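Top line first, the protein sequences correspond to chains A and B.
If you're matching positions, the first sequence starts at -6 in my numbering and goes up one per residue.
If you're matching positions, the second sequence starts at 36 in my numbering and goes up one per residue.
For the record, the hints were derived by calculation from the structure and aren't laboratory data.
Note that this is a predicted model, so its numbers are computed, not measured.
We treat Cβ as the ideally placed atom computed from N, Cα and C, and that holds for glycine.
Misleading hints may appear alongside valid ones.
Short, incomplete list of chain A residues facing chain B, as computed with Cβ under 7 Å [as the list claims (entries may be wrong)]:
{"id": "1", "residue": "Q113"}
{"id": "2", "residue": "I116"}
{"id": "3", "residue": "S118"}
{"id": "4", "residue": "Q120"}
{"id": "5", "residue": "T130"}
{"id": "6", "residue": "E134"}
{"id": "7", "residue": "S138"}
{"id": "8", "residue": "G139"}
{"id": "9", "residue": "T226"}
{"id": "10", "residue": "A281"}
{"id": "11", "residue": "Q411"}
{"id": "12", "residue": "E421"}
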Amino acid sequence: MTTHRPTTPGTSPTQSPTKTTRSTSKSTSRNRRRTLVALTLAGLTLSSLAACGRDATSAGGEAQSDAIDDSPATGTIEVWAMGAEGEALDDFTQAFEKENPDADVEVTAIPWDSAHDKIQGAITSGQGPDVTLVGSTWMGEFGASGGLMPTPEGLVDSGDFFTGAWEGNQVGGTQYGVPWYVETRVLYYRSDLAKKAGWTSPPQTWDELKQFASDLQTKAGVDYGISLQPGQTGSWQTFLPFAWSDGAELANDDGTEWTLDSDAMKESLDYYSSFFTDGLAQTHVMDAGELESGFADGTYGSFVSGPWHAALVEDAGVDPSDYAVAPIPGPDGPGSSFVGGGNLAVLTDAENPDGAWKLVRWLEQPDVQQDFYDTVGDLPANSTAWKSGDLADDEQLAVFGDQLDRAVSPPAVPTWEQVADVIDGRVERTTKGLEDVDQAVEEMQSEASSVGTGL
Amino acid sequence: MSSTHAPRPTSNDNSNDGNDGKDKTPGRSGATSPHPSPEALDLPRATGAGGTGTAEAQGSKGRQGRPRRRHDPTARSQTVAAWVLAVPFMAVFLVFTAGPVLASLGMSFTDIRSTDARHPLAVSFVGLENYTRLLGDELFRKVALNTLLYLLLGVPLTLVVAMAVAVGLNRVTRFKGFFRVGFYLPVVTSIVAVSVVWKFLLRENGGLVNSALEAVGLPGQAWLDDTHLALPSLVVMAVWRNFGTMTVIFLAALQTVPTEITEAAESDGAGAWARFRHVTLPMLRPTILFGAVITGIGYLQFFEEAFVMTSGGPLDSTRSISYYTYDQFGFGNYGLAAAASYLLFLAIVLLTLLQFRLLRSKD
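Work out the full structure, taking the sequences as your base and the hints as a guide.
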């Protein structure tokens, strides 16, 4: 029984000494061969990697593409778009196809959740659409990867667009794509409760906002005068408007270095965190739906958010006449805000770049932007579209339009998401009172510097 | 019994040469002769107990046997057939398993970022820099500590609860199936759904747990918003969700403990605890080892619960190594993320070795 299991050489206990040594030497030689193969493979991998190396050329700094002519678009134009835009765009572009009979627009709706990875896959493989909708905070990454085509000279007039949104498409000094729709953050407040607290018009300065929140608590009986995000993912979107209002610049002009440790940053973080330490804002991270129901039942007197919240608070039971929006207060008057939204970009490997840019140009026309607002409700990035129609007449929309004029987008650099996470973390430490403002801002800067901008 | 190995006639030569297959792996020699001819099968049987002799002969003649076999057309076609049959599996393995694993290992030694996606080879080799950066990163050290806490709190708790429930269930005679299904149910429920429900239970205002505490006059806690309570809260939830698996396994193991032994111990005057401690537990040692290893691996990869319930907060107090790796991939730091996942892999290997050492039977 035990004599024979020599399938693994050198393990049989009863084998003669000669046999044992022989098969042992055989097994070592096989092991040696195996090691050799592994080493060769590893060596090949490493040497091929080492041989390639990183090019010295930095990302961005590309020249803009050549101008696009005025002839009608031709050929198939493949478009990727996310969310409601993706669903509506196919029907919407029929008007374009009517104007350009030889062009065929094919829209693929993709979900926001997987959009980032899909676009990245398209950029990597070179197999993708001609035009794609790109989330505004992804521009740095995709632009720097070389996957997006620089915007052609003179495609649109940059002066027509909200400055913050337009600058959000500039990566290392090169313009990639064009802003399509925008969103910005404003102050939502319960106008009925504000009246009770003695405020017939919204606060405009930092001191007024503080007083406003405090009056809502003492005179109108809300639990928290304002709701601000106390930390965790995305709190920078609520905090940075205050920093920008105070004149903070997050990075230098060419986006190569972070400049977070400014006095404006410290001052604004101090102001922001005082709402938490003074008990004017809640300190816990809210669950989904908690804010809207709390706004409806008078737990929260005001909050900072984007245009989508109008529908949400009305769904939660707030009468449209009982709430209003106002620009975010700055230190001495109406302040800045965060501008986000979606940009239209053409991929470097697009099969029909000419048709693609013509479609983009068409979608950016003021009347088409207005139509798209009527269809989907997206706020146009082209500010001339705001000069007539609903966008000009609606009181609430006017506040957003006004805020957009002063809104800023974060630097379009590949590492923005990571630095945003750094800011979130330090905001949380400050609002929890674990770190003083000076220290938090200095840590922000040193962490951000070690991350770099990626350009 | 030499015949168990011997029928590996790779040629129709004499038995000595036929045994030359022995110095190869079973898979290979088996593959070269999927259909051995009857004569070939008979030969070793005829030599019978002379198996040792053939083994010795194999050592000296194996090398001669091999080139000779190459001239054999049947063997050659069989080799070809074997390769053809093996190629699909090998291709799938190389492309989808070995390839990515090696590629990610390679990535961990480079500074590859998401912006390099178009030219993945145009990156710089940075040696162990990603690894040293991780070890020097305050946040990584924190998430490593968190992961260790998940492990040290989660594994013993899961095993103890599972054992207690299994011992209890082993005595239940009625509704056995009902209880088993009940305890196992959380395991098959979607982890995200469970996490969302627990998030509501643990809410500071109006959560069921706080309401219950307040009903008996105890102060409610900010379970998921407190840096000290959030991680233990998640561990409790994970234990609740995971112990069902181990309960089922322990239950099966308990039923293999022979009643004669426990009865003998009982007649020797051993009490219930002494019987459990000195008879049942030692017999379950291999099962406990298995349980410790698989639950340990699970807790080292702790992710979903924290992702849904706390987003890693407050202040990173529930962020685990897996979560950190996920974040780094999200930030586009592919090289760093790959290095972090290899450190986690190393930790899992070390932990498993350690557990085998600590819990292996003392014989």
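Right, here's what the structure says about each hint:
| no. | hint | result |
| --- | --- | --- |
| 1 | Q113 | holds (6 Å) |
| 2 | I116 | holds (6 Å) |
| 3 | S118 | violated (9 Å) |
| 4 | Q120 | violated (12 Å) |
| 5 | T130 | violated (12 Å) |
| 6 | E134 | holds (6 Å) |
| 7 | S138 | holds (4 Å) |
| 8 | G139 | holds (5 Å) |
| 9 | T226 | holds (6 Å) |
| 10 | A281 | violated (10 Å) |
| 11 | Q411 | holds (4 Å) |
| 12 | E421 | holds (6 Å) |
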